[in-house]
Amino acid sequence: MCSEGAGLLGKPIVEPVTVVRNERLAEGVGLLELESPRIARAARPGQFVHLRVAAGIDPLLRRPFSIHRVSGAHTEILYQVLGKGTRLMSEWEAGESTDAIGPLGTGWHVPDRVEHALLVAGGVGAAPLGMLAEDLADRGVAVTVALGAPTSERLVARDTFESVARRVEIATDDGSEGRTGYVTALTEALLASSAYDVTYACGPEVMARVVAAQCASAGVACQVSLERLMACGVGACLSCVVSTRSGLKRACADGPVFDAEEVLWDESEIPPKH
Amino acid sequence: MSPAPDMRVAIGALELRNPVMTASGTFASGREYADFVDLERLGAVVTKGVSLDPWQGNASPRIAETPAGMLNSIGLQNPGVEAFISRDLEWLAGIDVPVIVNVSGHSVAEYAAVVRRLEEDGRADAYEINISCPNVDEGGMAFGQECAPAASVISACREQTGRTLIAKLSPNVTDIVEIAHAVAGAGADAVSLINTLLGMAIDIDAFKPCLARGVGGLSGPAIKPVALRMVWEVSSAVDVPVIGMGGISNAEDAVEFLLAGASAVAIGTANFADPQTTVKVVDGISEFCRSRGIDRVAALTGALDDSAIAPRETR
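First to last, the sequence lines map onto chains A and B. When we follow the working numbering, the leftmost residue of the first sequence carries the number 80, and every step to the right adds one. When we follow the working numbering, the leftmost residue of the second sequence carries the number 6, and every step to the right adds one.
Chain B with its partners taken away, still in its complex shape:
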């Protein structure tokens, strides 16, 4: 029998015991899942987005189920960075797991101020800058849909910290590779993708949208092919590590993302269906490698054989 593979991966300067993280907004800060999952078995906990001041989020209904997926318009409800530090980071300090804090803002200055405050505290291991939330009117995805604003948010955060900085990208763009280049050029150590796809559902009995906000972000298995394509495109074109996410429900899905070029993966909506998905994916990736004699999980990253792909038709 082959020995257990080396599951360690690196994202910039951040070293992880394995490539499986939580996706921001689906796992709070981990406390709610601690009854079901040994958090110390995860590669990292990526927290719910935090802003400078408390945000109330959107009106209800905030979710709608769709085929093999769901729409959400939570709207980054969070208690603000001070409460986050005293409640969430304080609690996470007692757990041996890297903490990646997801940072939100309505303005470039707010993103930078949140990172500055977290740096004063000093307990975050890395930051994921959310320039891709489709559910807020100001900021959020607006920053991630064009190169210049995306780069200015990342530059402003880069000035505040030497820790690993990850830009979370929106799929709601014409060319995600262009945005990835812009944020890497502005100092991002890595990119994570994809955030949710903007979508809609309608209640035909009420003649109304299912979500109070009208539109929301689509997640779940339904978006996996789109996410995988974008991870492949970005990792083929950009030098920084890619954290892949979007509809991963099991180890086989995760391996697809690694082969497409991701250095790590995140589990989001699948946590709702099975709260133990994260650890099952860790075990499943390990078993995938062991059964094939692959001694390091990092060897899977970008190992897709795309040499025989026929050239895409050009006009």
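Bound-form chain A, shown alone:
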């Protein structure tokens, strides 16, 4: 069933992948570029790959990563070093082989007749938004990006956004670049001054929650990409559930992108480290 070309039908596959580039972007943040022709061809913005981070049995579980961009046969991943698995990844060099399951998850939904979209990225929350920004620009949608990070060094994916967005606004916690403070101060001002058809947000869950509330007040549709600990990644194990108005949903198979109005934030937890 997992035959050659299955990826073409949009079905996920297990694909052997090779590291092309593993670049340290900032303290604890890396960009991994994988040669993964079938996943790259099938991927849509907002989907993810479930990556094997070690041969053998320890660490045992795969790690889920949003697809940041695809370029030809290559898939790019932005990752933050948080635990054993990502520490191992940070040591990979070009030529390293592993495998990935993908593309997985639902991805962002782009409604008909979108003219102006707001993308909100907090730190490595920029990960699932790179390919979306490019895709929207290709469709002729005007893209505004609100990009936040603790410091200017950690404003990851800035080049990608600046190459396709009409406008990129920046906030840093320490004021080393752009506005001092959280990205949610930017989004408050942006939502008050311009008309957006849709907002796409990813970052710490507290950020996503504030952006969701701001969008609800402004009457702008909002989608959020949520992070959860995952085991299977394909919808079977029920590890990664998100509380929603229509019951428990699986971040891996029913998400990771959710309509922000559907999410019951109080019953959701801040994603723990892995």
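Think of the hints as simulated: they come from the structure by calculation, not from any bench. Careful: at least some of the hints might be erroneous.
[Said to hold, decoys possible] Here are the computed lysine to any residue pairs in the SDA-like style, where the Cα-Cα straight-line distance is at most 20 Å:
{"hint": "1", "chain 1": "B", "residue 1": "LYS285", "chain 2": "A", "residue 2": "ARG131"}
{"hint": "2", "chain 1": "A", "residue 1": "LYS163", "chain 2": "B", "residue 2": "LYS285"}
{"hint": "3", "chain 1": "A", "residue 1": "LYS163", "chain 2": "A", "residue 2": "HIS153"}
{"hint": "4", "chain 1": "A", "residue 1": "LYS163", "chain 2": "B", "residue 2": "ASP210"}
{"hint": "5", "chain 1": "B", "residue 1": "LYS285", "chain 2": "A", "residue 2": "ALA133"}
It should be emphasised that the depicted structure is a prediction, and the values quoted were computed from it without experimental measurement.
Assemble chain B onto chain A, guided by the hints.
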């Protein structure tokens, strides 16, 4: 070159094309894995546990990774038997694979009611009675930790069905052989073991348990030696077939369980690391037999040469 071995095995009245099943709770009802695995190559699909009414399961985080293993406290989240029949059994009916439905309950009456409803439907091939889930407050493992309650759940289910009835046993007991005797005496056609080992992990930065529930069930390669020992003990002492599971990641692991006395094996946590583990284990067992001139996989069951084991020290 030797011919391909006969891979068929029997669990009670249930005949399987090979001894490799899925472990309940790790494979849903198979649909999520159908992109990766030809389900018709499996010995059986063992479904996620199903209860009478929908269960919400536990709060998150529900998993924590541990050395060569993982803890889970999913808590038997399931949509209840009616939704299970209309969605899962309906879908599985289109696949040529034996279906073993894992049954959960908060009470003896609930276990029996789930089996009764599934019997009305008639599409399950066998039942695995989960008296060993460590993640629910009422029922679950509480039934599987003492002989009398374990036997009453199995008796109540036995009254509802003539199909193959499997009791899934908990390793969180002093003497698993005693429980195996009790369920066999109550009418179980087979036993499956082990369910997860109760465990814990702590986040030292937060001073909190990693799991919202505090404790959960340990699975994965880390538990394999414990599972293997228990399969050996139970199969040596009890007359019913044993389905062995606990940390099986590859064909070599599976062969160890067969030699220890298992008639079949189940793959659980390994599906998460490699979704194609089940079929790789089928092929690997077949190749193991072929390369050694073993013509029937069933010949491996209990073939361990334990004649030279030194007597255990007694006090």
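Hint numbers the structure violates, sorted upward?
2 and 3
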